[in-house]
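Taking the hints into account, I'd like the entire structure generated from these sequences.
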Amino acid sequence: MSEWSDEAVDYVQSIADTKLVLSQRYAEWMFSGWSDEAVDYVQSIADTKLVLSQRYAEWMFSGPVLEDDIAGASAAQDELGHVRQLFRLLGQQGCEDDWLEGDRTAAEFSNAATVDERPESWVEFVVRIGLTERAAWYLIDAIDHEDFEGSWVEFVVRIGLTERAAWYLIDAIDHEDFEGLGTRIGQDEFFHLEFLDGRLETMGDERTEQVVAALEDALPKVLAFLGPAAYDEETDPLVASGFTDRSASALRTAFVDHLEEVFEGTAVDVDGLDVDWDAPEPEEWDERRRRTGDGTISEGDVESLSGVQNAEFRMD
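Number 22 in my numbering belongs to position 3 of the sequence shown; there are no gaps in the numbering.
In silico DMTMM-like pairs for lysine to aspartate or glutamate, Cα to Cα no more than 25 angstroms straight-line:
(1) LYS240 <-> GLU173
(2) LYS240 <-> GLU213
(3) LYS240 <-> ASP264
Have a look at the derived ranges for each label pair, beta carbon to beta carbon:
(4) GLU127 <-> ALA286: 47 to 57 angstroms
(5) ASP97 <-> ASP276: 21 to 31 angstroms
(6) ILE316 <-> GLU228: 26 to 36 angstroms
(7) PRO239 <-> ASP97: 27 to 37 angstroms
These are computed hints drawn from the structure, not numbers from a lab.
These numbers were taken from a predicted model, which means no experiment stands behind them.
The C-beta atom is built at its ideal place from N, Cα and C for all residues, glycine as well.
And the structure:
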């Protein structure tokens with residue numbers, strides 16, 4: 020592995036931290052202050068995903084072609100990641116960690132019946148897993164615990180724009196240490212981004228004023244994350260060092276062009292948004308944190324993300 024420049028380290032660190040906090044925001048949004056029925060609902064989703072990860076793992080070397088095996092391994096990891104987030108939230112609702120992690124009887128697992136038994140054939144596997152995955156997503160997507168529609172719009176706008184900006188930054192990396200990694204991340208991100216774009220487009224007509232307000236709040240922060248508009252092919256230090264193949268200016272242009280495509284045909288006029296499209300100036304920009312100002316996540320977020328509460332159980 021070749022040594023990176025300080026700018027390259029800061030660039031990748033900002034992407035990694037953003038992705039980490041994004042996972043926290045996804046999990047936080049789903050639930051807070053639940054009824055017993057809500058706990059049962061989420062427990063069933065979490066247990067279903069936990070058993071899904073087991074079924075994926077059992078079959079990941081039995082698919083018809085190598086691509087199926089690789090997809091199964093990736094899906095198993097994704098499901099476990101979702102489970103960890105859901106278990107953390109269930110723990111906040113009073114569920115015991117040991118119990119969640121498996122210290123319970125089979126009858127205490129609330130998974131969908133479709134994954135009770137290991138499928139006996141590849142066709143049965145695809146049908147059962149496919150239907151169960153979609154059903155679990157429908158259950159998650161149906162959750163509307165907070166009665167603040169504007170907050171949901173703000174969430175979709177902020178997360179949608181940030182997810183795409185992070186992907187643009189990753190895709191711009193042109194360094195041997197990242198060979199293949201960008202492609203793998205891109206495959207995972209494709210469906211996230213398609214889903215979020217679809218949501219943005221739909222809400223552009225249904226909740227135009229709320230979307231416009233959320234865009235005007237989020238865009239300056241997302242554009243700063245991509246980098247200053249003044250960093251072009253001649254002045255961007257990461258392009259100059261060969262770490263990226265596109266400048267911050269080029270990424271911003273591509274990002275805004277895509278945003279215009281998403282809202283084309285809707286009531287949202289991207290060009291008409293009250294946004295300074297040239298900000299921030301390089302001297303106002305924090306290169307390490309890829310932002311302006313000194314804002315931070317909360318100490319509570321830091322505790323959740325770093326696993327401080329369970330540090331004594333960490334395996335070195």
